[in-house]
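S.K.: Sequence:
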Amino acid sequence: MLLPPRPAEGERQDGRTQMERPGRLLLLSELRVRNAAYDVSLSRSLLTWKRRICSPVYHPFRPSVCHSVLVSEIISVREEEEENSSRGRDDGSWKKIKEREGKDCRQAFTVFYVERVQQHRWRCAEVIFTCPEGALCQQWVSSIREQLAAIASRPKHLLVYINPYSGKRQGKRIYEQKVAPLFAQAGVSTNVIVTEHANHARDHLKTEAELKKFDGVVCVGGDGMFSEIIHGLIWRTQIDGGVDPNSPEEALLPCSLRIGIIPAGSTDCICFATVGANDPVTSALHIIVGDSQPMDVCSVHHNNTFLRYSVSLLGYGFYGDVLTDSERKRWMGPARYDLSGVKMFLTHHYYEGTVSYLPAKGIMGTPRDASRCRSGCVVCQHNGQLLSEKAARYEVDEASDSESDSEWRTIRGKFLAINAASMSCACPRSPKGLSPAAHLADGTTDLILVRKCSRFNFLRHLLRHTSKDDQFDLTFIDVHRVRRFRFTPRHCQSDSDLNLREIGKHQIFSQICRDHPACGCAPAYSNWNCDGEILTHTAIDVRVHCQLIKLFARGIEEPTVFEDITNPCAI
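The sequence shown begins at 2 in the working numbering and counts up one residue at a time.
Calculated directly from the structure, the hints in this document are not laboratory data.
Hints should not be assumed to be uniformly reliable.
[As the list claims (entries may be wrong)] Pairs of lysine-lysine residues, derived as DSS-like cross-links and limited to a Cα-Cα distance of at most 27 angstroms, are as follows: (1) K344 with K469; (2) K453 with K344; (3) K433 with K344; (4) K169 with K433; (5) K391 with K433; (6) K330 with K173; (7) K551 with K157.
What you are looking at is a predicted structure, and each value in this text was computed from that prediction instead of being measured.
Start from the sequences and build out the full structure, keeping to the hints where you can.
M.R.: As structure tokens, this is what we get:
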């Protein structure tokens with residue numbers, strides 16, 4: 002009986018080679034690193050090099066000789082020329098190349114990869130592998146490049162906006178010295194625009210930018226620059242999709258392009274909350290490897306007119322007053338926020354009004370949770386899927402109106418602060434943030450109401466932003482996880498067109514005379530602080546749009562992730 006021919010070694014019955022199967026090794030060779038022999042292997046997910054141990058004697062205190070790098074976190078690979086041996090690198094693998102027989106100018110290659118360091122920071126590390134022959138070297142380089150090219154999430158063309166005036170006016174220098182070389186090394190092409198005036202980036206994205214040519218948009222600056230980018234990109238997406246941005250009832254279309262943030266401003270809260278560090282190199286590496294982090298966006302309307310988008314904090318009362326006062330002290334730099342904060346705390350203004358909100362029902366998580374939004378957050382994934390299913394059902398059956406009047410809740414009172422946190426709002430000064438358990442992409446915002454109280458109690462609340470205590474465990478604090486809310490000041494309920502610019506000059510006396518209308522002074526109003534910008538209206542309608550944008554980020558990684566990856570033998 003004739004038997005069918007056996008498949009060749011490394012080949013399956015269906016004709017595919019074993020290396021095509023996920024988890025199988027693509028290459029395995031004995032290479033040299035720093036003049037030491039290593040077994041180097043490449044699979045679709047990992048590049049691993051393990052030192053060959055010749056001595057049978059066990060050395061319990063010998064440092065780790067096993068290293069692994071995720072292929073997705075390899076930045077690039079480069080063939081080395083023979084003349085590179087004169088660079089005097091610390092790596093000794095090149096010192097013997099000229100002495101080898103059968104000289105070949107391409108017998109070594111360098112792999113550049115992500116290395117995690119302290120406090121969520123990333124660095125570009127490198128390792129040089131020396132091959133016994135040039136053909137093997139080229140095979141390794143080609144295989145690694147093929148795996149990198151197969152990662153569809155990696156950007157190839159980026160539109161970059163640089164704000165040269167943000168922060169300490171270092172944006173252009175930071176990009177040119179720290180970011181541009183990494184992009185060039187990774188083969189990412191860029192179109193760089195240095196902004197010349199306020200809202201330059203926003204207006205360019207709205208009208209002129211040819212977005213189809215790019216895989217993402219990068220902003221070099223602070224939170225104000227990021228705000229410009231999202232306003233231009235979201236507006237452009239809605240107009241191109243036939244959606245009216247001025248209607249608060251419209252479900253906005255998600256943006257297809259991801260946004261990268263290179264921190265270079267006075268405050269970089271968005272970057273800190275999504276990456277865990279305000280470091281340009283770390284952010285650039287997240288962009289290069291093609292990370293993606295969805296994020297909710299709040300639309301703010303007044304009388305069916307669009308005002309602004311918000312991704313972090315909407316604050317009325319204390320935080321609105323601090324921003325308004327600090328704008329007059331911009332010459333002081335970041336120190337102006339401390340001075341204005343002390344001043345507004347001592348002033349201790351409170352404001353009357355009505356808050357109506359639509360609670361988020363049937364979702365995972367509450368504002369009082371001990372868990373935090375981290376990379377791969379289960380709460381964001383679950384709630385995002387839940388809300389998308391609800392939206393699909395609503396389009397089919399308009400009768401199932403999830404925003405019916407019966408579901409709205411109303412609170413009237415006197416408030417020192419009204420805050421809506423769509424993320425934790427953590428920053429280096431307040432590592433926990435305003436709402437530690439808030440999530441980046443769960444389709445909700447945490448509405449925090451600080452009722453009128455004594456200065457001492459309000460100070461207790463503020464101090465808890467920097468401590469481990471539950472900052473909502475106070476009798477004068479109410480916190481609700483909501484999908485939508487509205488606010489109307491007490492004296493504005495019959496005048497919905499109130500413009501703050503017209504009443505600012507009366508606010509000095511308004512606190513004294515708020516309960517004595519006979520004196521003729523205007524009632525007291527605060528300003529809304531919308532991601533560091535002042536809104537011109539107090540009566541607003543806020544709606545959360547789930548996962549409207551995506552960033553080149555992955556959320557803050559847990560410390561265990563760092564430990565597992567920096568200890569390669571645990572992978």
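S.K.: K169 and K433 were given as a pair; does the straight-line alpha-carbon distance stay at or below 27 angstroms?
M.R.: Distance of about 26 angstroms is within 27 angstroms: holds.
S.K.: Check whether the Cα positions of K453 and K344 lie no farther apart than 27 angstroms.
M.R.: At roughly 17 angstroms apart (the allowed maximum being 27 angstroms), K344 and K453 satisfy the hint.
S.K.: Tell me if the straight-line CA distance from K391 to K433 falls inside 27 angstroms.
M.R.: With Cα atoms ~32 angstroms apart, K391 and K433 exceed 27 angstroms; violated.
S.K.: If you draw a straight line from the CA of K344 to the CA of K469, is it 27 angstroms or shorter?
M.R.: Holds, at roughly 26 angstroms.
S.K.: Is the hinted pair K551 and K157 satisfied, with a Cα-Cα distance of at most 27 angstroms?
M.R.: Status holds; Cα separation ~17 angstroms.
S.K.: Against the 27 angstroms threshold, does the CA-CA distance of K330 and K173 hold or violate the hint?
M.R.: Given pair K330, K173 holds - Cα atoms ~25 angstroms apart, limit 27 angstroms.
S.K.: Are the Cα atoms of K433 and K344 separated by 27 angstroms or less?
M.R.: OK: K433 and K344 at ~23 angstroms, within 27 angstroms.
Of the numbered hints stated above, the single one contradicted by the structure is hint 5.
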